[in-house]
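There are 4 protein chains.
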Amino acid sequence: MSTVGFIGLGNMGGHMARNLMRAGHSLVVYDANPKTVQQFKSEGATAASSPADVGAAAKEIVTMLPSSPHVREVYGGKKGLLETLKEGSLCLDSSTIDQSASIEVAKAVAERKSIYLDAPVSGGVLGAQNATLTFMVGGAGGKPELLTRAKVLLDKMGKNVVCCGSVGSGQAAKICNNMLLAIEMIGTAETMNLGLKMGLDPKKLASIINTSSGRCWSSDTYNPCPGVIEGIPPSKGYEGGFGSALMAKDLSLAQNAATTLGAPTPLGSLSHQIYRLLAQHPDFQSKDFGVVFKFLSDSKQ
Amino acid sequence: MSTVGFIGLGNMGGHMARNLMRAGHSLVVYDANPKTVQQFKSEGATAASSPADVGAAAKEIVTMLPSSPHVREVYGGKKGLLETLKEGSLCLDSSTIDQSASIEVAKAVAERKSIYLDAPVSGGVLGAQNATLTFMVGGAGGKPELLTRAKVLLDKMGKNVVCCGSVGSGQAAKICNNMLLAIEMIGTAETMNLGLKMGLDPKKLASIINTSSGRCWSSDTYNPCPGVIEGIPPSKGYEGGFGSALMAKDLSLAQNAATTLGAPTPLGSLSHQIYRLLAQHPDFQSKDFGVVFKFLSDSKQ
Amino acid sequence: MSTVGFIGLGNMGGHMARNLMRAGHSLVVYDANPKTVQQFKSEGATAASSPADVGAAAKEIVTMLPSSPHVREVYGGKKGLLETLKEGSLCLDSSTIDQSASIEVAKAVAERKSIYLDAPVSGGVLGAQNATLTFMVGGAGGKPELLTRAKVLLDKMGKNVVCCGSVGSGQAAKICNNMLLAIEMIGTAETMNLGLKMGLDPKKLASIINTSSGRCWSSDTYNPCPGVIEGIPPSKGYEGGFGSALMAKDLSLAQNAATTLGAPTPLGSLSHQIYRLLAQHPDFQSKDFGVVFKFLSDSKQ
Amino acid sequence: MSTVGFIGLGNMGGHMARNLMRAGHSLVVYDANPKTVQQFKSEGATAASSPADVGAAAKEIVTMLPSSPHVREVYGGKKGLLETLKEGSLCLDSSTIDQSASIEVAKAVAERKSIYLDAPVSGGVLGAQNATLTFMVGGAGGKPELLTRAKVLLDKMGKNVVCCGSVGSGQAAKICNNMLLAIEMIGTAETMNLGLKMGLDPKKLASIINTSSGRCWSSDTYNPCPGVIEGIPPSKGYEGGFGSALMAKDLSLAQNAATTLGAPTPLGSLSHQIYRLLAQHPDFQSKDFGVVFKFLSDSKQ
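Chains as they are written, first to last, in the UniProt record's numbering: chain P, 1 to 301; chain L, 1 to 301; chain U, 1 to 301; chain D, 1 to 301.
Some hints here could point you the wrong way.
[Said to hold, decoys possible] Some chain P residues near chain L, calculated using beta-carbon distances under 10 Å:
| # | residue |
| --- | --- |
| 1 | H70 |
| 2 | E111 |
| 3 | I115 |
| 4 | C163 |
| 5 | I183 |
| 6 | E184 |
| 7 | M185 |
| 8 | G187 |
| 9 | K197 |
| 10 | G199 |
| 11 | I208 |
| 12 | G214 |
| 13 | A258 |
| 14 | T265 |
| 15 | L296 |
Please keep in mind that the hints were generated in silico from the structure rather than gathered at the bench.
Positions of the beta carbon are idealized from the N, C-alpha and C atoms, including for glycine.
Work out the full structure, taking the sequences as your base and the hints as a guide.
Put into structure tokens, the structure is as follows:
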């Protein structure tokens, strides 16, 4: 079993790292928070004092960081990975960041004769904990042996690995899916609220939509109207789930890409603005993103 | 077999009326276009010279008209149905109109001791032709015998009858579904276009979305990006299908309802504006509503 | 001095009626609230028990009502004005309503050989109180003697009378101005908030805009950022001024017209949605419409 | 008279550089296009072969470049200004770029013991040619002697110099003004189009708005409805003026800032999307930005 470097031990990364340890890998870990590193040391990992230390100790490295600047710093900053990376290393970056950042870092890693794959995830904290994440991998298109090498680690942290194409395509797939998801969630919230005001029973309305051309995941699996589907965050006060502020972040990545590439996204752009409003509202920012139903309906504000 | 009155023999109504005749019903028909009436006379129907003539001749009446003012006029205008309607008549109105218009006409019909059900359809011209329409029925909620009576006719023109609740609930269900459909169609078009510009293969992107939280009917069954799904209008030059101008009309009904009831619908409202632009554009107005993909992408304008 | 009929003695109409009395006119008044009528009786007006009573008693009639259905009812309902209107009467309707409603009522009044002018106002409650309203008059275009007759009354309630053209043009002018006003107010709020976050001093930013191509009434006269202009509602906790819920109502009239006429109004439509959200929010609905600055900025929600 | 370095001799920069030469300054010039450099050499300027050559030759340098990456490259790239910049140099950057890019470059220049001021302009090509530009200067706030030094050059290229505050505040002021301008232009276009459809005369409507609360520069000085104001681009087929694609670029800078800073800008964001659509449309991209009137109205598409 190879020694794995792991950088970024937060809500998601912490669980992912533990799943690798459970599978038998030795870990060399780094996090901006020294207490987190100490905690992992007490669980058996080797503590590193910088990304460069990680690069010096392992040839398979996973990074799980909150934003593009963090990734640029961990790879290219002082005492960054690029300073020590050994030839032939494989960097799996599960951060959700700007596609342009992934492509830029991949180039720098290639100059070190190593490989960077973007591998953002879906599945949330529960998926990280239970090793049921889906990885959207960019950079392994047409390179089956590389994908096989990556899957040795990814399979221990998730259950699906989707090969999306060249470097950055993992980010593209995640950003695109989540932009459409946000549009559908807000759209479903608007529609449920309008239907209620028009006198429809919410479960009846959902059942009609779900067998019609309006059906989507947000209507049939994660309906934001409380009580339509039991057991999901919208029926539990929007606790848990995928936070509105996180959705705002993913939408900002979509907008960055759309602006840079000149792609018109009127609904994606307005959805970004709506989640931007939710993200700055103390009642909504940390609630599940289905809470847009509550934001739009007048009953409970 | 009862004699059935039929008013409104256009693209949809013509096929529906013929399906009733094929099933053995005698028809008394009226249309604003005398040539259409003559054509039906030559096919064996009895020609009426006004809606009032139809009301005098039949106790089961189907109306299929283009807009709220037409429905108000056919029922309540000079020589309208209300002048002659016999006690105990059943009026099935398959027009897609403002909910408030359905409710208003239903009241006037009730004063004539008869019954009005709103029963708008989905399925398009092909569904009308092949008797595979879905009817969303309002006014028969909690009245199984009434629904049974209506289904005698509806089952000959379609394959699904959904009981939505009280009068106007059929309109509500259709309007809500179609508003969400428009949002998802535009959202999918934006997402596919953005994904292509980010370097993704369109079929690959669709397949990822279709197994993820972004999936919807517009992505997995009617993807607006040409070539992703063969055999549908978006892959055939957006010919046939559901016209952009018709979608603009349905969205205007949703906006009327939302404005009257004070329901915020930011994405539904913006979708209305986008289809409004398409509806006035000679290249787009009569094309399938998936053509919004072409409107948003720069390649072919 | 002629006897004037006055229907609708609310926040605006009450002041307007009193200004006519002060100028020496005898008034015959009606309001849906009997207490209000009694109050005016105690001030010297003649109380009427219905609009029809008003129509029977005066040939110059002012109506000031909250919405299209109220106007339709007061004119065309049971015991409505149309039942008793004398030939040659002049009806001045200062209500802000759908253009289509004004045109419809004007036709019915013309059938009674009388004249209906739409004459909606700007200037608010203070303008009504101080007789400084602006009237936007429709129906007197090309008819100077008619305008002169109307101005006998209008000049006592306001200081400006703008002749806009044919019947309904008064509504059109008011609705158009207020839609643009809403867009500019929200736009200014967004811009001031963005500028602050970019590190600009708000007064400095306003002064730059106000001498540049971005200047508008909402930036140079009624800036929604507190403290930029002293003495206006945005600098006094958004108290007084023009309420957000009233702006939502005017925007709904603009949207009704745009939908009926097929005019794309993407920003007008989104502005309507934003004021719709404010109008249902207990903290914002009765505050001055500049409060959208607070809604958009994160500091105080 | 000091020797001035000038980098970026395009549509704007070419005129600005010539105005400095006319005023008596010796110029050392660089442009990515060697032919342009040769042209200036033939007019008496000294040709430089790189930005570094310019930095070595002059202590007052003006840069006028199309986008943030160009500015980063000219200053920080290989053979960039930063390689040779002499202590005490003054760099005046008239490019319209991301505020964050200005701040970043200013820091790097400060490390060279020199000063960078952002000084974006308004006034267009005509303003550059006639030396009537307005400069919005960031970085000279509270430093009158620095502003005086900058004005020695700026006054020869324009007629107004506005001191906006610290570094980046010039970009902020320009971006904010232009975002509001775009909102008002589209809003005016929507309003004029709606008013026409409601039966109003366009000049009458404009005159009402221009004396009411809806007035703005786009309604009273640059009305996008052809014929309302003679002599401006909207009345000359939208030729000349400020191109739609340039407006799309400025709006993208506003969106970048709003996204980075978390400022909700629903109308600014939708305006960006609308100019994005215009910018990719062959009929609209190079037309004056008032052409949005034509895009929204159905008459001429």
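Verification of the supplied hints:
The criterion of a C-beta within 10 Å of any C-beta in chain L is not met by H70 (chain P), whose closest approach is roughly 21 Å, and the hint is violated. A cut of 10 Å between beta carbons decides the hint on E111 (chain P): the least distance to chain L is about 21 Å, and the hint is violated. With 10 Å as the threshold, the beta carbon of I115 (chain P) stays out of range of chain L, its nearest partner Cβ sitting at about 18 Å, so the hint is violated. A cut of 10 Å between beta carbons decides the hint on C163 (chain P): the least distance to chain L is about 9 Å, and the hint holds.
Using the Cβ-Cβ criterion of 10 Å, the hint placing I183 (chain P) at the interface with chain L is satisfied: the shortest such distance is roughly 4 Å. Contact between E184 (chain P) and chain L, as hinted, is supported at the beta carbon level, the nearest pair being about 6 Å apart and thus within 10 Å. Evaluation of the M185 (chain P) hint against chain L yields a held restraint, the C-beta minimum of about 9 Å falling below 10 Å. Hint on G187 (chain P) holds. Least Cβ distance to chain L is approximately 4 Å, under the 10 Å limit.
Given hint, K197 (chain P) at the interface with chain L, holds; its Cβ is 4 Å from that chain's nearest Cβ, closer than 10 Å. Because the beta carbon of G199 (chain P) sits about 6 Å from the nearest beta carbon in chain L, less than 10 Å, this interface hint is met. Using the Cβ-Cβ criterion of 10 Å, the hint placing I208 (chain P) at the interface with chain L is satisfied: the shortest such distance is roughly 5 Å. The interface hint given for G214 (chain P) holds, since its Cβ lies 4 Å from the closest Cβ of chain L, which is under the 10 Å cut-off.
Restraint check, A258 (chain P) versus chain L: the minimum CB separation of about 6 Å is within 10 Å; hint holds. Evaluation of the T265 (chain P) hint against chain L yields a held restraint, the C-beta minimum of about 4 Å falling below 10 Å. Here the hint on L296 (chain P) is kept, as its CB sits about 5 Å from the closest CB of chain L, short of 10 Å.
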